[in-house]
Amino acid sequence: MYRTNETWGTRATWGAFAILCAGLATASPLAAKTLVYCSEGSPENFTPALNTTGTSFDAARPLFDQLIEFKRGSTELMPGLAESYEVSADGLAITFKLRKNVKFHSGVNGFTPTRDFNAQDVIWSFERQGKPDHPYAKVSGGKYDYYADMKMATLVKNLEAVDDYTVKMTLGEPSAPMLANLAMDFATIQSAEYAAFLSKAGKPEQFDQIPVGTGPFSFVAYQKDAVIRYKKNADYWGEKALVDDLVYAITPDPTARYSKLKAGECHHAIALRPADIKEVGNDPALKLSNQSGLNIAYWAFNTQKKPFDDKRVRQAFNMAIDKAAIIRDIYQGSGQAAKNLIPPTLWGYNDAVPDYPFDPEKAKALLKEAGVTTPLEIDLWYMPVQRPYNPNAKGIAEMMQADLDKIGIKAKLVTYEWGEYRKRAQQGEHTTAQLGWTGDNGDPDNFFFLRGCAAARAGGQNLTKWCNKEYDELLAQAQKLTKQEERAEIYKKMQVIEKEEAPDFKIAHSIVYESMRKEEDGYKQSPLGGHHFKGVDIK
Amino acid sequence: MLPYLLKRLALTVPTFFALMFLTFVAIRLVPGDPVEVRTGERGISAERLAEFRHDLGLDQPVWKQFIDYVWRLLHGDFGTSVVTNDKVLHEFLTLFPATVELSLCAMLLAVAIGVPAGAFAAVKRGSWYDQTLMALSVAGFSMPIFWWGLLLIMQVAVKWGLLPVGGRIDPIKYYFEAKTGFMLIDSLMSGQAGAFKDAVRHLILPTIVLGTVPLAIIARMTRSSMLEVLSEDYVRTARAKGLAASRVYGLHALRNALIPVITVIGLSTGGLMAGAVLTETIFSWPGIGKWLIESIGRRDYPALQGGVLLVSAIVIFVNVAVDLLYGVINPRIRHGQ
Amino acid sequence: MASDQAASGALAPGIPVGNVALAPGGLANFWASFAENKGAVAGLAILIVIVLLAIFAGSVAPHNPLIQFRDAVRAPPVWETGGTWRHILGTDGLGRDMLSRLIFGARVSLFIGLMVMAVSFVLGVVLGLLSAFSGAVVDTIISRVMDLIMSVPGLVLAILIVAVLGPSLFNTITAVTVVFLPRFVRLVRASAMAELGKEYVTSARVIGVSKLHLMFITVLPNCLAPLIVQSALGVSEAILEAAALGFLGLGAQPPTPEWGAMLADAREFIRSNPWIVTMPGIAILVTVVSINLMGDGLRDALDPKMQRS
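Quick mapping for you: the protein sequence lines, in order, are chains A, R and C. Going by the numbering used here, the letters in the first sequence line up with residues 1 to 539, in that order. Going by the numbering used here, the letters in the second sequence line up with residues 1 to 337, in that order. Going by the numbering used here, the letters in the third sequence line up with residues 1 to 309, in that order.
Simulated from the structure, these hints should not be mistaken for laboratory data. One thing to keep in mind: the hints can contain errors.
Here are the computed lysine-lysine pairs in the BS3-like style, where the Cα-Cα straight-line distance is at most 25 Å [unchecked claim]:
(1) R:K7 / A:K203
(2) A:K224 / R:K179
(3) A:K168 / A:K157
(4) R:K64 / A:K224
Produce the complete structure using the sequences and hints provided.
Take a look at the structure:
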């Protein structure tokens, strides 16, 4: 629904917009180029530090920059608002040299910046998240989840402006991932001057609703559940926007997204239904891009409950399920069968590990050998919601149920409300449960800890509650090493152990598809799942 | 009249209090909470959860939460949505016009077609027209509207591409301020060429879907009410006196036949406003019904509490209004006696 | 059912029964009157077929509704290109035979409808009569509670109840029953109030009939006609409401073949495989239409006060 006046742009931007619309209507060859992206939901606000959802990050992304940035379409780091950075020899200090002549957007919400971006803005943005007495700490709910999750408060001992264009960050201990953390959305740099301007006007809550940033696009307007409008920032310091206007058409229904894309009402759409993606591939006016998701969908066996304490039973279950059919009928092309915990695109992946064959007869024999009397009743939990790694946990559960029935296992399907589901599963209330994981920093450890002993405690994220000494020791060993090759060797060993022990049944790694019209050019799909439209053109 | 009105309104007060209490309790019995539901696989640490719950006041004893809630309600504060950080009342008021617009259009469709169709069927009682109409009306009020909506989307919107799949207007092409919240009016006032037409195009399918059941009911009601009136003495007299058939049916009969129909219209309008849940969900129509469903899914306690209370208030007041209206139209009923 | 109640009506000697159809020996009259309405007869016929299908689903359905034909996932129905007689109406997203699922689904839907009706009927009679007979305090409490239930939109209330209790077949029935209860209570109360003023009630009171006897044996039989009609129509509405819950994922749990849930699962294939969406909807529509047609006939036959249509 659209908002009332106070959250809309100023009269000035309104006027500008009217002119723009008139331009669109006449559609001459010189008319402004508009790129329309059919997004899936409304952002909560435009301050990434406050948010945790990809939808909100995507909405803020055209507007802002970070000190360090991910190269478009990769996880490689490159300088952002920091022209350069230097890590001290002891690893305890990082010094950032800031870029000069970077302008904040002018004319949004009646605000005209009087100075360029400088160290004050960096300090302001981090202190808002870290200092409870910061004037904006409590604005818009004042919860900074990523800042907390990344342990920024304990990692960063001090942050100071050496001069206007130099910022020094002092760390409590050396932290290799810190630079990558600073490229994440929560570390976005916002305008301290704009914040002061709004405080003075008595409207601080507008700070997160009518954003002012340094990014390639500036904010025009936002109508909740309908549309977000941006326009090109001609003064942008970096890779410039190639279109004049960027529109996020908020379209929660996947069928509607496909219809709009097909009708040319949007140029770019995400998260279409698998059945529709096939049609996009066959449509000469459309094209697809895809990327293996950094994720895993699995079905965990609670190894602390009978009969799953017996390795043979777990192996039997692995052989009883027709994985190929699940990939074909549920993922319908947007997933690949998984045999290891990490996706094959991640370093350390052990491709030599053979997956269990689909062999119900052998499964039956193994069950018999393990002394399991059939029919055996178990619980099979499935998530009530779609996840990036699993489009339809219910469908998978129904397929598993049918397959298990053939080896004499009666599975009862169980689900709870999503929050409740995770809580109960982490407590180990299930006998078997589906879940999955989405990695967020590209490090294998970010996946392997899921089967470690620390996570196997009640309430921990290891739903198998499997605690294998050898595996756990290797996990700890790899954490301490710094050389990637050495770590990779250890991870390969761990994958062999884990496969043999079979604490879970690995279902799939999803393949993320994005669909666009042929005339869209220059888009690079991010392995981290975000969407960037700078450098994208309409031909 | 006035004492009756006051009495009716006074009677709603305990209902409201009970409603406040029940929604409050029911929502706290729903498993899951607004914090947990928003965290992903990563989960949330116990300390952070406690902090969140403290901020939402969820760590207080339930009775205290309730007293706080009532106290704020009495001051007109319905609370703030946990998800959008927007005032619940404000959110409700921005969404409500969408629901009203859709309900009124649906009801207009139902009346505009239902009344003449039903009246005509009564006059032509037993004809093939009458029988077809009655068959259609049974199908109409037996319609599972969520399926009906999907079917129309599938055929009209997806296959033939004639009308949009959902939403209220194409926000990419048309862009203007929400002055009234009613898209038809706003689009006209915007002065943008084609905006009004686009708003109408978006309205057609949801209106048909939401209007189907009331249409069927109104057609049937009108028909049977008309039949009853037609068999009454004064109509026979009028006909015997040689009044033209159109005058008899039009003025005398239809007017009297409409009295019970108006009650149905009134009551179902209240119901429609509150209960366009399925239609709004299917057509991504940003109204109250869709909002309530989503609030349940997100465990947004304040939005859900405030929303249910406001919606129920509307239903109750519409019912009172219909009662009063009924008394005005039908002189045989006098309230307060 | 009608005959049982006719018998209980006869138990109260000397009390005139106001309804032709419920009078002893009125069954023939009732049927004659019912049969006059062609639509009602057609509805009854279709309903009987559906009920028989539901009862004998095990032997009628071509396949087990839970078996997944992995070689024929999303097979089209026989009349479409690529359709085969093995799956006359095609298969769903997991390769389960659509026709068999629809037939077994009839069981679920009819069960829900009947259960809701039965429970609301009994509770409605008890609460309604209590309300009419037990003085102002009880009456006010019951009436206000019913008002309260009715002031919350039906589907929202049902969803809330299911959200509290957790989704299951049983809880669907509970939720829909709560939503429907006020109608029964109000109907019974109003009919009973109307009867209370009549002479036979006064005379029964004078004779010194006990209150329970007065409530259930003297008055109730005379309120039954509209109640039966309401119940019949209530079954169809309960089926619709339950299907709506199923559609929102809050009804019977998988792999139960419930029509509303089947529709919800099918949404994914709205563009690519439309028949998966179409079939369950038609099943719901046909069932509800036939019950409503029959209900109309019942009303005409049982309640001569109402205009015949």
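Status of each hint after checking the structure:
1. R:K7 / A:K203: violated, 44 Å
2. A:K224 / R:K179: holds, 15 Å
3. A:K168 / A:K157: Cα-Cα ~11 Å, so holds.
4. R:K64 / A:K224: Measuring from Cα to Cα gives roughly 34 Å; hence the hint is violated.
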